[in-house]
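J.: Chain by chain, the residues:
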Amino acid sequence: MDAELLLTSMMTLASGIPLTLILTLASLVIGLVLSVPLAFLRTSGNKYFSLPVLAYTYVFRGTPLLVQLFIIYYGLGQIEFIRSSGLWYVLRDPFWCSLLAFSLNSAAYTTEVFRGGILAVPSGMIDAAQAIGMTPLQQKRKIILPIAFRGVLPSYVNEVIALLKASSLASTVTLLEITGLSRKLVSETFAPYEIFIAAGILYLGLTSIFTSGFRVLETRWLNAPPKQAAPDGIIAKQVVHGS
Amino acid sequence: MQFVEGLKTTVLLALVSGALGMIVGLLAAAAKLSRFAPLRVVVGAYTTIVRGVPELLIILLIYFGGTVAISSFVGRYVEINAFSAGVLALTIVFGAYTAEIFRGAVLSISRGQIEAARSLGLHPWQTWLLIILPLMMRIALPALGNQWFSLIKETSLISIVGLTDIMRVAAVGAGSMRAPLTFYLAASALYLFLTSLALVVFNLLERRFAVRGH
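Protein chains in written order, with our numbering: chain H, 1 to 243; chain C, 1001 to 1214.
Hints listed in this document are in silico derivations from the structure and should not be mistaken for laboratory results. Hints are not guaranteed to be accurate.
[Said to hold, decoys possible] Label-pair restraints from in silico Cβ distances:
1. H:L222 with C:Q1113: 28 to 34 Å
2. C:V1201 with H:A26: 34 to 40 Å
3. H:T189 with C:E1206: 47 to 53 Å
We put the beta carbon where it would ideally sit given N, CA and C, even for glycine.
Assemble the whole structure, with the sequences as input and the hints as a guide.
T.: What follows is the structure in structure tokens.
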């Protein structure tokens, strides 16, 4: 093991961090935006809404991300219709293909995570929201979603970390993020230990930044609503109504 | 069809590394719960590092690192066998994740059970084998099932270092027949079949070992 090589390769590989972060964060945001409505459809009583979403999450969670990425990057070009359309400009680019694959994959996992959270919202809360005359959309936005999201935050963090690690698959479609750069560097120098370990240290740093960032959020959201404050507020309101 | 061979390789890879990984996970969980601090620290470092690094990177490190190690040992260029590199990498990964699952499950066993075993005069390893292991397995089962699904999907990464599993067969076919969509869709159908099979097996296991009132 050559410590100097380890350090210099860490410097070189650090230039792959932005691409890793962009891929992770962008697919995280897209996945989040897609998964909220999908989770509500998935939990709706209507079979015509819930079954298609179930099929989507089942297929995307039941097959390897690598296959999904290859279907999008290599496979879609086989369809003449896509080749001749404007979509081809997007779908022949490895970056957009990776982003698409990661977003769809992340949306599938996040939908199931949120589904669990939505189902765990106490029915009394929803009854109360109905009783004070909230519309279904208001109930979802103001009551169900915040409670559900808070409840599933720990599992959501796991999904975020999984996505960060999954972004390394972008190296298989020629993108030069951390893993891609390290593979290129290894093929040039053939010093796999130092370079891959350097890459590992970078990922470990990123995952620990993500976990500690979310831990701050968790303590703020899970413990912050002080437990005495809520009953006080209700009592105060009751007094106002009563007088 | 070439896919049959690929399917066999994938299933074999998953089963071997899953079985070995569960053994590693059990040992690591026991080590994490031990009173001997240095052991806890070492095993804690193992699970933290492995779970914080992409699986692909671990596979690449073991494959290329192993090739360098063996080549320098033998004195000429020898490529490590992709299957054994895959088993080793997936065992390390699976062991780290299952260690956490098993550790959590052991902690949720009530102390009374273990104290009862002690007072009956069971040896510590008898306590582990006869009391802790069966009690903990049923608690760990749902999370363990999830980990097996991940393992089946992770086997596809070994194709990157040249193992002829489902994924590799699909890639070769896609290249030679110029029909990537067909081949990769076929591969995803096979993976979906395997994960569905694992789902059914774990549902049966969970029903079989269900604890009343849990």
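J.: Now, for every hint given, state plainly whether the structure supports it.
T.: Comparing the hints with the structure gives:
no.: 1; hint: H:L222 with C:Q1113: 28 to 34 Å; in the structure: holds, 31 Å
no.: 2; hint: C:V1201 with H:A26: 34 to 40 Å; in the structure: holds, 37 Å
no.: 3; hint: H:T189 with C:E1206: 47 to 53 Å; in the structure: holds, 49 Å
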